[in-house]
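Based on the provided sequences and hints, a complete structural model is requested.
2 protein chains.
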Amino acid sequence: MKPIKVGLLGLGTVGSGTFTVLRRNQEEITRRAGRGIEISMVAVRQVEKARAIVGDACPVVGDSMLVVDNPDIDIVVELIGGTELPRQLVLRAIANGKHVVTANKALLAIHGNEIFKAAQSKGVMVAFEAAVAGGIPIIKSLREGLTANRIEWVAGIINGTTNFILSEMRDKGLDFATVLKQAQDLGYAESDPTFDIEGVDAAHKATIISAIAFGIPMQFDKAHVEGISQLQAIDIQYAEQLGYRIKLLGITKRTTKGIELRVHPTLIPGTRLIANVEGAMNAILVQGDAVGASMYYGKGAGSEPTASAVIADLVDITRLAAADPGHRVPHLAFQPNSISQEIILPMAEITTSYYLRLRVADQAGVLADVTRIMADLSISIDAMLQKEPAENESQTDIIMLTHQTQEKNVLKAIEKIEQLATVFGQVTKIRLEELS
Amino acid sequence: MKPIKVGLLGLGTVGSGTFTVLRRNQEEITRRAGRGIEISMVAVRQVEKARAIVGDACPVVGDSMLVVDNPDIDIVVELIGGTELPRQLVLRAIANGKHVVTANKALLAIHGNEIFKAAQSKGVMVAFEAAVAGGIPIIKSLREGLTANRIEWVAGIINGTTNFILSEMRDKGLDFATVLKQAQDLGYAESDPTFDIEGVDAAHKATIISAIAFGIPMQFDKAHVEGISQLQAIDIQYAEQLGYRIKLLGITKRTTKGIELRVHPTLIPGTRLIANVEGAMNAILVQGDAVGASMYYGKGAGSEPTASAVIADLVDITRLAAADPGHRVPHLAFQPNSISQEIILPMAEITTSYYLRLRVADQAGVLADVTRIMADLSISIDAMLQKEPAENESQTDIIMLTHQTQEKNVLKAIEKIEQLATVFGQVTKIRLEELS
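Sequences listed follow chains A and B, in order. With the working numbering as the guide, the letters of the first sequence map in order to residues 1 to 436. With the working numbering as the guide, the letters of the second sequence map in order to residues 1 to 436.
The hints are simulated quantities; they were obtained by calculation from the structure and are not laboratory data. None of the values given here were measured: they were computed from a predicted structure. Among the hints, a few may not be true.
[What the hints assert, rightly or not] A short, non-exhaustive set of chain B residues, derived as facing chain A with CB atoms under 10 Å:
no., residue
1, 136
2, 138
3, 150
4, 151
5, 233
6, 234
7, 235
8, 298
9, 337
10, 408
For every residue, glycine included, the Cβ atom is placed at its ideal position computed from N, Cα and C.
Have a look at this one:
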């Protein structure tokens with residue numbers, strides 16, 4: 001059988017990894033796919049630079065449209081980044097009847113609904129394993145491996161940069177800014193790290209996970225997005241003393257009132273396996289009603305790990321290209337006519353536990369005032385840590401862990417606590433999940 | 001579209017879980033599969049008992065042949081256990097043009113080659129996600145999620161009973177026999193626990209993993225099988241002091257000389273995530289050349305976790321039933337005409353590190369004699385622990401960790417060491433893997 005022909009848009013980190021791994025493991029991949037997978041055209045901005053990698057294996061062009069409109073190409077692999085240009089290219093590839101593979105989480109989280117609708121009506125596949133957690137086959141596991149389950153929640157470490165920073169802050173007791181600088185010097189963080197550290201990248205991925213876990217449309221605009229740039233080293237230490245680690249989690253949960261979709265720093269029990277996922281590694285914990293807890297761990301970024309997912313998609317498409325479109329795995333795990341319109345809950349409506357840190361006067365009655373406010377709002381306290389004031393200091397820290405409660409109650413409590421004359425500055429609030 | 005019709009053979013732990021989960025999550029599963037999945041006949045030995053579970057949902061019969069020969073049934077789910085009867089039933093179902101789902105690891109490890117060949121020639125699917133690690137989608141991850149990779153090795157905790165026993169032995173400092181008794185009382189171990197504790201169950205699963213990781217036929221008869229019944233509590237303690245945990249691992253590894261396929265107690269560094277997988281949980285660590293290390297964790301047994309995998313297979317088959325057989329995922333991950341005949345190495349030829357414990361006379365020169373024997377066989381010592389003899393005792397323990405070496409060298413060294421007059425009894429040997 002003739003090889004299936006692939007057009008590659010972009011030859012950066014992931015693109016060159018895809019090129020390299022496809023070439024290196026050609027024989028092994030063909031033995032699995034039953035048919036060769038051949039990159040037959042590459043489009044890049046810097047044509048000369050790309051030729052150095054590609055050699056004379058295939059034509060390298062500067063205009064992506066030459067790939068997208070090439071009638072010989074069966075699958076377009078989009079590895080450009082950004083959203084508007086990829087959107088146009090992907091929609092045009094689909095209109096031309098080509099299958100698409102993309103690693104672009106922002107594209108899917110923002111324009112996924114439009115893209116999948118177009119693909120559906122043309123009967124082509126859009127595969128995106130590489131868009132979430134790099135080389136970990138989490139899309140496949142959720143969409144195919146756990147189909148028996150009513151998924152209850154998914155919680156994941158899905159951004160390696162922030163997990164690296166949090167691991168370093170904890171290990172070495174350093175503050176955020178210092179570690180970020182080191183991470184940039186080491187190449188673990190971008191020179192403009194905003195998307196990573198402010199949780200945007202994780203929120204793109206959580207949006208995709210939420211859609212396929214629950215069979216809902218992509219709704220990135222309704223995700224709660226909170227990064228780690230405001231996180232203080234002292235809270236990592238206090239959390240540790242209470243038996244918890246702080247991780248940036250992407251969380252999506254089904255409740256009777258709607259779907260929770262949120263990214264924020266989270267205390268999790270130190271004994272959980274996922275609490276021990278360190279450095280730039282990713283891990284996703286999935287709770288299903290039949291399977292219970294299962295976890296998927298690996299490299300969430302990097303050239304070859306991400307290429308591993310891109311190529312797995314290419315093999316899937318190669319295996320399925322001849323199948324009746326109605327019988328392929330649906331893009332969002334559920335059949336297009338079965339997508340649910342369950343609401344995404346506003347953040348005030350979510351329910352979780354909380355870590356609160358207060359700077360207070362070291363005098364009698366403070367704790368009574370604080371706990372009275374909590375009790376009036378029906379917030380139960382699960383654990384408390386009161387530090388001895390340092391010598392010659394009249395202020396100290398109180399740390400409280402609450403039971404599960406609604407976010408809006410906690411916000412009200414914080415507002416009232418901050419008005420007490422014996423409480424100084426703002427209350428630090430970090431959400432806490434037992435993940436059990 | 002009419003529901004796809006399933007015949008269930010066996011209604012024990014996994015069968016009743018499958019029945020229950022399919023009924024409970026019917027709507028959710030149909031939304032995913034695009035078509036209802038209906039159990040339309042159940043065959044069991046005890047018909048009356050089964051009727052109490054099944055009710056009047058479908059006929060319950062005592063003769064499995066009535067299911068296997070029923071022209072209305074599209075998929076036969078084999079959940080009987082044993083090997084000879086299931087083999088006959090599965091081959092007959094295939095001959096009748098039915099797809100098959102099985103959770104039977106022994107059946108596949110021993111008769112898989114025959115079964116897949118029959119399925120291939122009839123153009124039907126045989127799915128077996130539930131046969132390895134229960135609810136964890138490890139077959140799918142290896143066979144579809146990691147297709148880009150040249151798999152280097154797989155190492156897994158794939159038997160929950162033995163992991164529970166090892167966790168308890170370590171936690172509570174108890175010996176094997178005591179913990180086994182407790183595990184039996186708690187229902188974690190069978191009344192005849194041989195298959196679990198002697199490593200046979202893990203070896204069935206490792207055989208299946210090896211076949212799909214490397215594209216080789218099932219070769220259970222060439223697997224090295226060693227359980228935990230001889231493991232002593234003292235070795236768990238010494239391992240701990242050296243920074244290691246002991247787990248029963250199923251290991252399969254590609255080397256330049258052939259494939260390693262072995263199940264045995266193994267020291268692994270305590271800092272590895274997989275070393276912290278406790279109780280009856282399962283976890284499989286996969287090393288691929290592109291993705292690096294990835295790990296899959298969850299419940300490896302039990303009614304609903306295993307049913308989760310059975311039903312995922314049913315959904316896969318439902319999605320793919322109409323596809324051209326030549327384009328489905330191949331049974332052993334690689335196309336049937338691409339199965340490789342690489343040899344499975346005899347155990348003497350494998351290469352790994354070793355933990356050795358010697359009971360020796362507490363006198364000068366013993367260590368020199370021992371290390372001379374090791375050096376003559378080119379075995380390097382990586383770490384050593386020599387215990388102070390207890391008061392009034394003239395004997396003590398020496399523990400050595402070796403560098404990587406061939407098993408046959410270690411066997412020779414042990415033979416010579418045991419001949420020394422200053423060494424008492426047998427040398428305890430446990431293999432060690434860094435898993436990096």
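These are the hints, each one checked on the structure:
1. Given the 10 Å rule on beta carbons, the hint for residue 136 of chain B holds: about 6 Å separates it from the nearest Cβ of chain A.
2. Interface restraint check: residue 138 of chain B against chain A, minimum CB-CB distance 9 Å, threshold 10 Å, status holds.
3. At its closest, the beta carbon of residue 150 of chain B sits 5 Å from a beta carbon of chain A; the interface hint therefore holds under the 10 Å criterion.
4. With a least beta-carbon distance of about 9 Å to chain A, the hint placing residue 151 of chain B at the interface is held under the 10 Å criterion.
5. At its closest, the beta carbon of residue 233 of chain B sits 23 Å from a beta carbon of chain A; the interface hint therefore is violated under the 10 Å criterion.
6. Interface restraint check: residue 234 of chain B against chain A, minimum CB-CB distance 26 Å, threshold 10 Å, status violated.
7. Interface hint status for residue 235 of chain B: violated, as the beta-carbon distance to the closest one in chain A is roughly 25 Å, over 10 Å.
8. Proximity of residue 298 of chain B to chain A holds as hinted, the smallest CB-CB distance being about 3 Å (cut-off 10 Å).
9. Contact between residue 337 of chain B and chain A, as hinted, is supported at the beta carbon level, the nearest pair being about 9 Å apart and thus within 10 Å.
10. Because the closest C-beta pair between residue 408 of chain B and chain A is about 30 Å apart, greater than 10 Å, the hint is violated.
Checked against the numbered hints given earlier, the structure breaks hints 5, 6, 7, 10 and satisfies all the rest.
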